[in-house]
Amino acid sequence: MLRRTLLAALAVAVPALAVQPAAAQQGVKIGLITTQSGPNAGLGRDMVDGFNLAIRHAGGRLGGAPTELIVGDDQFRPDAGKAMAERMVQRDRVDIVTGVIFSNIMLALSDTVLKDRRGVFLVSGNAGPSELAGKDCHPNFFAASWQNDNTHEAMGQHMTNAGIKRAYIMAPNYPAGRDALAGFKRFFKGEIAGEVYTQLGQTDYAAELAALRAARPDATYIFYPGGMGVAYIRQYSQLGLMPQVPLFAPSFTADQTILPGVGDAALGMFASTYWSESLGNPANQKFVADFEAAYNRIPSPYAAQSYDAAMLIDSALKATGGSIANKDAFRNALRAANFQSTRGPFKFNTNHFPIQNYYLTQIGKDEKGRLVNQMRGIIFSGHADAYASQCKMR
Amino acid sequence: MATLLFLEQTLNGLQLGVTLFLMAAGLTLVFGIMNMVNLAHGSLYMVGAFLTATFSQWTGSFALAVPLAVAGTFVVGLAVETVALRTLYARDHLDQVLATFGLILFFNELVKIVWGPVAIFIDVPAFLSGRVELIPGAPYPVYRLVVLAVGLAVALGLWWLIAKTRIGMLIRAGASNREMIGALGVDIKRLYTLVFALGAALAALAGAMAGPIYVVEIGMGDSMLIKTFVVIVIGGIGSIRGAFVAAIIVGVVDTFGRIVPAQLGLPTAIAEMAIYILMAAVLFWKPAGLFAARA
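If you read the protein sequences in the order shown, they are chains S and D. Read left to right, the first sequence gives residues 137 to 530 (my numbering). Read left to right, the second sequence gives residues 55 to 349 (my numbering).
Some hints could be false.
[Said to hold, decoys possible] Below 20 Å or equal to it, Euclidean Cα-Cα: the simulated SDA-like pairs (lysine to any residue) are:
#, chain 1, residue 1, chain 2, residue 2
1, S, 501, S, 378
2, D, 166, S, 207
3, D, 166, S, 184
4, D, 166, S, 431
5, D, 166, S, 185
[Unchecked claim] If you want a taste of the chain D side facing chain S, the calculated C-beta under 10 Å gives, among others:
#, residue
6, 171
7, 175
8, 176
9, 179
10, 191
11, 278
No lab work stands behind these hints: they were computed from the structure. Built from N, CA and C at the ideal position, the CB exists for glycine as well.
Construct all of the structure, not just a fragment, from the sequences and the given hints.
Here it is, written out as structure tokens:
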């Protein structure tokens, strides 16, 4: 009698133990920090939606591990971003922090994440400041996006190739604005007809554009993300500059967070980018179609990068059998970047920043009459950043 | 060449100036008459622009959308004054700043819920989308000239309202001594509501006209608000005339401040400081502003 009960108990207990392989059932906890309030909330929305789409494509489990996603708002403020990172790392005890649009916020929160004793990973879905690519590179930091200078370098190269002699260049007066024009000048070999920095958040460019017209440049290169870009492109077009002085920009000033607000004024503008809604590889076609079906709009690069970040994590978890407990194994699996990026060829450099292609696009209309980035060719293939040599990865 | 550029920049400065004036007129009255610091004035500018975008989509006409949006924001102004601000007049300025800052957050979230987080589109109406070559070699957008003309016309209308009508007389009296006009039996509550809603409508007009040039997005009024406060401090709190003169001065100084230092090879930080240096100078010589409303 007693023996039968014991046997019965064992019969129930043993299979229960057997289906619980040590780590896989613990799951992975991911904190996504992005901008969800104020004028840049649209970028954050795309990031969250892109990440969620990837989780759905992975059947709700990244790398087969039960996945919990916690989303937090940085309010477009470094201090709020850092506080959010502290909360996620220390209280929610996440394994990975991702997201982060703005470099100043990334630099404010990176120490909080990377210096935690548990060995938390930071996978950037956008910001790629030169510090983290160079002297402050870290084994647990990965940029699933790019290094800040790259897109601007690409346009500098393209405008040199196109034989443009005199370029007028403009950006907002803040670190990423100065980096942008520095990156552009690294590859543009013509003459700089004017280099102008405007106030961050400024939306009236009448004075600057009058000065630009007086300088008679051959072309204009600008870096104006968000609402600044909307206002600039419109006023450029309203002043009648668009056909005579062609306008060039990085994708941040020509993507789906900008184009609907600009309207037809953007037609004909050129952009340099690492990703476009019209890029033809299979992973991207699936991503764009499913994103549109789910959210009823064309994705922006922020959505694509965030999707890629999730797919990168998915690939690494698959390689480790769904466990993040062994940090070295997980890190090596991330380094392998064994996933289908929406950008096509993608691999990591020694500093954990991507080596990838950069393309030229032009703003045109799709078959539904919506403004999109149409592919015009490739500028760089397998382009790496300028800071990798300064990185002594431990 | 330099003279022509100077003329073009003056035009740009005047156009920025009248936009600032439309914002400042309402803010200075509310500050001057109710002794109320209203940080949410920029939110009404934003509401005006978003309503214009929606109405021009519904009606297909920008010219029709602007008055509708101005009227709509007038109603919003009535509601905000009645529900939220009325209880704050007797409180000190810190309470008012906190409460109206709360209103900014409220309106930003409301706009995000109703219109979504991405900048939305309003086009310059087709009949105003051309350019005229007032200055040789520098075709100027017709729409910006229209903004300038509308701003000047509204300034003239406000002058008539304030100087020649009974309401205007009460507003002026309120600005110079509000206890006294209350004691004389004027329904001060109704006057306050009316002045606030009038200010809201003017801010909405500024937002509506700015929409097709700048960008219609969440928080679009915030940067405008800071310049507007500079304007009313320079002009003298409570004075419409002061607001007009100061708005034009600030518009022109800001415009030239953005290009002259760069051409002289000076640090561009001067551009950001120009209007604040101006404000500091005015406060030094005339602490109550150029045209103080209160004796």
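Against the structure, the hints:
1. Distance hint between residue 501 of chain S and residue 378 of chain S is fulfilled; the C-alpha atoms sit about 17 Å from each other, no more than 20 Å.
2. With a C-alpha separation of about 18 Å, the suggested pair residue 166 of chain D and residue 207 of chain S falls inside the 20 Å cut-off, and the hint holds.
3. Among the hinted pairs, residue 166 of chain D with residue 184 of chain S is consistent with the structure: their alpha-carbon atoms are about 16 Å apart, no more than 20 Å.
4. Between residue 166 of chain D and residue 431 of chain S the alpha-carbon distance is near 16 Å, which keeps this suggested pair within the 20 Å criterion.
5. The hinted pair formed by residue 166 of chain D and residue 185 of chain S meets the criterion: a straight-line CA distance of about 16 Å does not exceed 20 Å.
6. With a least beta-carbon distance of about 4 Å to chain S, the hint placing residue 171 of chain D at the interface is held under the 10 Å criterion.
7. Residue-level restraint check for residue 175 of chain D holds (minimum Cβ-Cβ distance to chain S is 5 Å; threshold 10 Å).
8. Annotation: interface hint on residue 176 of chain D holds; nearest CB of chain S at approximately 9 Å, less than 10 Å.
9. Checking residue 179 of chain D against chain S by beta carbon gives a least distance of about 12 Å; that is not within 10 Å, so the hint is violated.
10. Interface hint at residue 191 of chain D: satisfied, since its Cβ lies 9 Å from the closest Cβ of chain S, which is below the 10 Å cut-off.
11. Nearest Cβ of chain S to the Cβ of residue 278 of chain D: about 9 Å, under the 10 Å cut. The hint holds.
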